[in-house]
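Protein chains in written order, with my numbering: chain A, 1 to 444; chain B, 445 to 932; chain C, 933 to 1062.
No lab work stands behind these hints, which were simulated from the structure alone.
From a predicted model like this one, the values you see are computed outputs, not experimental measurements.
Backbone N, C-alpha and C define an ideal beta-carbon position, used for all residues, glycine too.
Check each hint, because a few of them may be wrong.
What the hints assert, rightly or not - Straight-line Cα separation of at most 20 Å, SDA-like style, residue types lysine to any residue; simulated pairs:
no., chain 1, residue 1, chain 2, residue 2
1, A, Lys95, B, Asn504
2, B, Lys879, B, Arg930
3, A, Lys303, B, Glu457
Stated by the list, open to error - Interface residues of chain A toward chain B, partial, derived using beta-carbon atoms under 7 Å:
no., residue
4, Met14
5, Pro18
6, Pro52
7, Pro53
8, Ala68
9, Phe103
10, Cys130
11, Met246
12, Val298
13, Glu301
14, Cys327
15, Arg351
16, Ser374
17, Pro376
18, Ile377
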Amino acid sequence: MSDNGSVPFQSHYMPNTPAQRAVMLEALGLDSIDQLFEDIPSEHRSPSLNIPPPTSELELRAELEAMAGANRHTGAHASFLGAGVYNHFIPSMVKPLITRGEFLTSYTPYQAEASQGTLQVAYEFQTMVCSLMGMEVANDGMYEGASSLAEAALMACRVTGREEICVLNTVSPTYREVVETYALPQGLKVTTMDAVRPRLPEGAACLLTQYPNFYGYMEDLEAHKVAAQERDALLVVSTDPVAMGMFRPPGEFGADVVTGEGQAIGVPMSFGGPFIGLFATRKKYLRQMPGRIVGRTVDSEGKTGYVLTLQTREQHIRRERATSNICTSQALLALASAICAAALGKQGLRRVAELSYHKAHYAASLIGRVAGYSFPIRGTFFKEFVVKCPASPSVINERLLESGIIGGLDISHVMPDCMLLCVTEMNTRGQIEALAGALSEFSR
Amino acid sequence: MNTVDNNRKLLMEQSVPGRVGTVLPDLDVPEQPLPGQELLRDEVDLPEITEPEIVRYFTNLSRMNFSIDTHFYPLGSCTMKYNPKINDEAAFLPGFAAIHPQQPVGQVQGALELMHHLQNYLAEITGMAATSLASLAGAQGELCGILMIQKYHRDRGDGDRLKMLVPDSAHGTNPASAAMAGFRVVSIPTDENGNCDLEALKKEATPDLAGMMITLPSTLGLFDPTIVEVNRLIHEAGGLVYADGANMNALLGRVKMGDLGFDVMHLNLHKTFSTPHGGGGPGAGPVCAQPNLQPYLAAPVVEKRAEEGPERFVLSTPEKTIGKVSASHGNFGVLVRAYTYIRTLGDAGLKLVSENAVLNANYILAKLKDKYLLPFDRPCMHEVVLSANWQKAKGVRGLETAKRLLDYGFHAPTMYFPLTVDEALLIEPTETESKETLDEFIEAMRAIDQEATENPELVQNAPHTLPVRRLNEAQAARRPDLRWERKE
Amino acid sequence: MNPRDRKYSKEHEWALVDGSGLVVVGITDYAQDQLGDVVYVELPNAGTEVEQFGKMGEIESVKAVSDIFAPVGGQVVEVNGELEGQPELVNDDPTGGGWMVKVGPENADVEMANLMSAEEYESFLESEAH
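Using the sequences provided together with the hints, build the complete structure.
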């Protein structure tokens, strides 16, 4: 573009022309813009900047398309990869609504009168999260599922005044890592324990579980509740909201805090983010809950309206004594989830869950008939299951890719020769049978 | 905004049994046995509502918002600049939006290449050695930076450094992040010129000092000319300095934070690099570090291998990492947008950003300082802090001035922040506003000042033209109503 | 407007010895006015030991949090449960229905003497205002 030096670069994002800038400088009584930067030590002022020159939209679009085109995506491939990030159906109405500038380009609704749209959406979202989880109160969203769980663990320590976090070994390994990143520097202890009949030590603050667990199987929440209760510890459950379309919600098992990754409802996988962390709890713990909360109230004329509320928990008021440093609610993703959940509705969410369930079990039944494949974990699974393979999962995945299939997650580092497969309503019978067919090439 | 009242009905109140919002395919595989009834739930309390109803509902809700696309939004310290449309288009490309974070790296080389470029650009812009894109927001970036400082001290057997200094003008996330990491937070006052009080700093430069968190330019919109000296004092005491990059819009291409002696910092891609705020997220808060802290960066980072091949770009874990802060690799969709923005503007465009942002803020300062108290009478950077104290003397508070601005069609500035300025109005115009818009805003601010004299009630009871009047926040907090509930 | 029957602290709490020898504690009218709409009061449970001038709870308005300090030391024997559902009592009736706790004092004579009379408190407020 105009990097030849003859014409100064003019950006299509910045309206002020050189002539206007001259007028403005005159109003300041200055000759040059450089004078505004004189507080910067002169030896460090205006360094060289090794960034490529400006690029036109036309050229850049082609470059971006080429870069995106270098990735294998679910638009062109069947995928059986899950492990916390899921390929579920997103109705067409979601994208045009969330990209409306009034939602997309607004700020956190501190000015309630100028943000009723965002605030009412938040109230809808909180309502839906409570319904899905069977809980009493929910916040307007956290960063994503793993840090939500970590925040829940910290909250349990605050509520109980204790310092030991117990976590089942069936919780996602990356989720456990994130819990440690948050908890260990504060001097809290994180203890991993077997999911079969866990025994909490005296003084434990909480038991962290995942439902369905990382391997896709339903945990015995009733037993876990008893285990937690024996020590007056909180039961914290991380969940998949799509599973809530058919399975009993953690709230019915007496969970004290329920978190989750909301991505599966309405949010594209986007290589891992941005997502939306779900967070719900009991009314009695409301003031210990982190994150943003929206409440319904009335205006000076008695008309219903919505505001940010219980803000004294938050960092902008309580500073170093806040419940968390979090300042983001992932509002746009909460909007996407709210729209998608409304579109699916009472019947649709159950339908998505059941389609995923039946297809996953059909896939398992086909794979179970292939010699050399077995299922090392017994129990009820939802849409994911672990398969022990007759060959290295990474080798199998390479072969699957040749057939246009993105295979399951290689978990051989925790379970030798095992793969975590995920099947959702997005997988057709043809894809499932192609998967089983390709796997049978390794049978023995 | 005439549909507003109809729109107050919530989804569950509009729900009619039997309506569906989407049609899903029939089951194309043999039905499988369901688990025991004791594991299943009866029904989920979600609405039953059709697509046209949903689209109208959310469209009308959107119309009750102010946004950058519809209004000037001079919210200080938030950098509400225009969010380019190509950024969103790029993030929605199937090759970016429909990829899974756990795919083998050989399948996602394009995504990793983009991340690698972005890491390098951000390191170059900040004058730091390396970048981790893992943190999901500014506050999480702060937490990462503080954890890095903590681990650095502990690795050197210096774990008794438990004190973190934070200026009194700092954003609330700074002390909250330091406290989350287990540090004791000590507040450092601002001097009468708006700079760090060096004498107070010297008193706190003790052997238990872990470091200091500094926003530059400060939340007062000022560049502290003593910053190199401040950083030197911290380093001499054995501490490290964290830079909160929330206000980097003022400094793009003008100075590199690394050159000033900062050890680690975060950037807010949703501020400086034009990714949309979305009504309160998503953001992204990449962390850039000097060589001393580079091994501690949050995992993962993207590395480029020397040899060509199908796995040129790989994900790796820094040697002494503080760990993972999310399940995946960062807010990739936000990273795509920021990358697109940097490429669009290029070196020349980035420099234009800071020039225009700072010029616009100073123009507002010059045109308003006779009507609104200017607590620090010196050129500002990208934002200007004014005080509504003169108006308060007439009986009109800063809050009310801000609400009245809404009636004039402008979003309010940041109010009552920084906490150190009485009746603060923090105004940040950004570079994407025209002189014409600034002039209209200035006129509105001057008109409100006049109203405060002639008709204070008009201002006190503002806003008058929005979907709702002043809301009862006390009631909301006293008797929290946080979700719709079925009436028994 | 500050009742003459009780003593006051520099942190704007009042302390009143009732008929049974317990000390009733609340915050002053000035304090509630400064706070604005009170939305939540966090108080110690009955049975908790508090120290004179030690932190005993928190009081929240819409956008601020303040500590509440015990004007006298001793054991908390009763807590005003009404405040849970109606924190606005602190605004509406700070020296009556908005009382917070009753303390069984350990050293009432000495500690009450550390506090100000209503007149002293009022001149203290005046000096603070300048």
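Let me make sure I understand: some of the numbered hints might not hold for this structure. Which ones are they, in numerical order? Hints 2, 5, 16, 17, 18 not satisfied by this model.
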